[in-house]
Amino acid sequence: MNKPLVMARSLKQQALSTLTLEERKGFLIVTEDIKYIIMIAISTFILASSLIFNNPYEILFGLRDIIFSPSVLVSDYFVIGNIGAALFNSGVLMLSAIYISYKNNVNMNGPIMAAVFTIGGFSFFGKNLLNVWPVVLGVFIYSLARKENFNKYLLIAFFGTALGPMVSQVSFGIGLNAPYSIALGVFLGVFAGFLLPPLANHFVSFHQGFNLYNIGFTCGIAGMFFMAILRAFNLESNTSVIVAEGFNSVFTIYLFVLFTVMLLVGIFFSVDSFKELGRLIKQPGRLVSDFVSAEGFSVSLVNMSLLGFLTTIYVLLVGGELNGPIIGGIFTVVGFGAFGKHIKNILPVLAGVFLASLLQIWTPTSTGALLAALFGTTLAPIAGFYGWKYGVIAGFIHMAVVMNVGYLHGGMNLYNNGFSGGFVAAVLVPIFDSLKSMKK
Amino acid sequence: MTNEKSKAVKILVELIGFFILNDIEQIDMNLSFKDKGFTVSLKGSCDCVPDELKKLNETINAPRQNELEEYYWGLLGSSNTKQELYLLGSLVDSGEVEFIDGILKVTVERTH
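Taken in sequence, the protein lines are chains A and B. Be aware that the first sequence starts at 1, since it is given in the numbering used here, and climbs by one per residue. Be aware that the second sequence starts at 441, since it is given in the numbering used here, and climbs by one per residue.
Hints were generated in silico from the structure; no laboratory data involved.
With a straight-line cut-off of 20 Å between C-alpha atoms, the simulated SDA-like cross-links for lysine to any residue are:
hint	chain 1	residue 1	chain 2	residue 2
1	B	K494	A	R279
2	A	K344	A	F274
3	B	K450	A	L199
4	B	K445	A	N149
5	A	K147	B	S446
6	A	K147	B	K476
7	B	K445	A	A145
8	A	K282	B	D491
9	A	K147	B	G477
10	A	K147	B	T551
11	B	K445	A	R146
12	A	K147	B	R504
13	B	K476	B	V449
14	A	K147	B	H552
15	B	K445	A	S205
16	B	K445	B	L525
17	A	K147	B	T442
Remember, predicted model here, so these are calculated numbers, not experimental data.
Modelling step: build the complete structure from the supplied sequences, incorporating the hints.
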C-alpha cells in the first residue's frame, strides 16, 4: 500500500494572516511595505535627480514642451523638453503607478514592478503626464461596466499606456484645431483603453506567452486599426527619429549608481544571492513568471540590477548613445527582471539581434537597432524554454520584422517591439515545438 | 458562455493536463457551480507518487492575485507548464491535494 500523502488546506489562511510567501520559504522577511518603500525610493531618486540637470523653471517649461508634443515613435524627451523634465516626468509617473497599485490593494509583485519600470522607461520617450490618463480611464470605465474591481485590470491599464502617443498625436500632431483635437485625442484614448482588456486577454494566447510584452502586440493591433481609419480620412501620422547624443559619460555613471544601489539592497535582503540567482535563471521566463512571488523580492532585485549592467554595457560596447529611448529600453529590461527576464535568457536574443545588425542593412549603433536589441528581449522566453540557439534565431528574425511593422500603427504604439515579438513568437513557437518533437 | 464559466473550463483543462502529464489515464472529473463560485475536482489512479505534489498544493493555496486574472487567464491550459500552474494558483481561492492508496485527488475552489 502506498504511503498516504494528504495535505492540509489551511495554508491559504496562514499566508493571508501572518506569513508571506517569502517567509514560508525561509527567506529574510521582505514585507509588502518594504517592497513598496524600495520602489518609492527608486522612483524618488529618478524624480529628484531631475534637479541635477536643470533648474525647476527649466523643468517646468520642458514639461510643457513634452506634454504638447505628438510623442510618436521615436520622440526623445531629452531633446523635446530637456533631461530634467524627462526625469521629472518619469519619476512622477512611476510614483503615480505605485500609488494606484497601493490604493488598489495590489502586492508589489513581479508584473507590477515590471509595469512601474516600463512606465518609467517610456516616460523618457512617449508617455507623459497628459497622454497616459485617458487610456487608464478607459480601462477603469471598462472595469465599472463589468462591475469588477479595477485591480483585476491594473496591469492592462499600466501597460496599455503604450497608446499614449495616440492621444498626443491626435491632439497635437495631425493639424486639427486645438480644443477639438484635444477632445478627440482624449476620447480616442479612453475608447482604446475601454477596448484593451478583452483584446489583451485574447491575444495572449496568440503567442502562447512567449512574447513578454503582450500588450505591445495588443496595442499594435489596436493602433493599426486606429491608424487605418485616420489614413482613410487622409490624416497621416508623421513619424520621425528625434534622439539626443553626447550624454554617455554622465548617464553611464547615473545608471551604474542606480544599479549598484539596487544590487546592494538585493544582496542585503538575500540569504544567499548566488544560490537564489542560480535557481532563478533556471526558469524559462515564459508568461506568467513572477520572480518576486516564486523566488523572492531580494533576488529579483539582484537580477534586475545585473540586467541593467548588462544592457548598459551592451549599448556602450556597440558604440550606441545613452539617450531617452535607449535608457527607456534599459529600464524596461530591468523591470522585466522581476517578470521573466534574466541574463541567461536575454543573452541569446541580444546576440541574435546583434548578428542581424552585422549582416542586415541596419548598423548596430543606430537607434532602431539598439531598440530592437533591448526590446527584442521580449522574446527571452524562447531562449529560456527551447535553448540558446533558438533564442539567437528569434533575435535574428525579430530584427527584420520589427523594422517593418512600425508603419502599420504609425508610431502610435510605443511597444513596437512587443508588436513584432507577438508575430515572431506566434510563427516560431509552433515550428520549434515541431522540431523538438521530431528530435524526441 | 460567461467569463466565469470560461475560466472554470480553463482551470479544468489545466488540471486535466497535470493528470495526463503524470500518466494518469483514467480521470473522474466534477465541476459544480454555486451561487458565488465553482469547485473543480479530479480523481485518478497513479502507479507512483506524481511529481511536485507539494508544489501543486502550495500553488493552489497561495493568495489570489487579482491583477493577473483578467490579463492572463487565457493562457491556462495551453501548455501545462509550471508557469500555468502558478497562474492557476493565482486564480483560485483554495485547494486540496490528496494522494492515498495510489489515488490522486485534486480539488480547487474559486469564488467571484
